[in-house]
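*Asks:* Letter by letter, the chains look like this.
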Amino acid sequence: AQSVSQHNHHVILSEAASLELGCNYSYGGTVNLFWYVQYPGQHLQLLLKYFSGDPLVKGIKGFEAEFIKSKFSFNLRKPSVQWSDTAEYFCAVSHNAGNMLTFGGGTRLMVKP
Amino acid sequence: KAGVTQTPRYLIKTRGQQVTLSCSPISGHRSVSWYQQTPGQGLQFLFEYFSETQRNKGNFPGRFSGRQFSNSRSEMNVSTLELGDSALYLCASSLEPTGANTGELFFGEGSRLTVL
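Line by line, the protein sequences give chains V and L.
In the working numbering, each number is its position in the first sequence, counted from 1, plus 1246.
In the working numbering, each number is its position in the second sequence, counted from 1, plus 9.
These are calculated hints, taken from the structure and not from any lab test.
Mixed in with the good hints there might be a few duds.
Partial list, derived from the structure: chain V residues whose beta carbon lies under 7 Å from chain L [said to hold, decoys possible]: (1) N1278; (2) K1295; (3) N1345.
For glycine and all other residues, C-beta sits at the position ideal for the given N, C-alpha and C.
Construct the entire structure; sequences and hints are all you get.
*Replies:* Written as structure tokens, this is what we have:
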């Protein structure tokens, strides 16, 4: 069975700091990778996804993620965070047809103004 | 465009009872997935339906079941409730015009179930 690990459970940053959230998965075959975000009081929503092609993918609100196959990683980055980025971030993986996603445990990000 | 609608939003049941949760996907979305979210286990996949057929199933006991209707609305049922079934149950829909998944799930606000 595949699994997803997010090593940082809580992250606190000041505005304008750079962000990198780690995500590692365990599955040896072809995978699809996702980052979802849940802002306070809102639904989970897709931030970005990787299916194939350029391993550096860009998402909404200035976020990007890099797929490194040799490291089984899909880390999320943002050069300069804003207070409005305060949210919980979830990494997810799927490896088959359909929408069966395996989620990581989530990382709570707090950005101090 | 209306989002994913889940009902009821909150409910309290006692052990041994059963519960049915409902999900109305975004209009035109054919795939509906269900996830269980708890503080201890996080987000766990329950099952997915596409065109009234179960396409994927997670690792949950047979007490958890679901179905999808011809209008894409979905229900999930949990029988013989246990204390550990207390959780937020999330429904997500996806637009898949050709049957190929896009991976973009649109989540509802969830149904929060408390089992006493």
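*Asks:* Have a go at the N1278 (chain V) hint: is there a Cβ in chain L nearer than 7 Å to its own Cβ?
*Replies:* Status holds, d = 5 Å.
*Asks:* Does the nearest C-beta of chain L fall within a distance shorter than 7 Å of the C-beta of N1345 (chain V)?
*Replies:* Hint holds; N1345 (chain V) Cβ to chain L Cβ min 5 Å, cut 7 Å.
*Asks:* Any CB of chain L closer than 7 Å to the CB of K1295 (chain V)?
*Replies:* holds (5 Å)
Violated hints for the displayed structure: none, as all numbered hints are satisfied.
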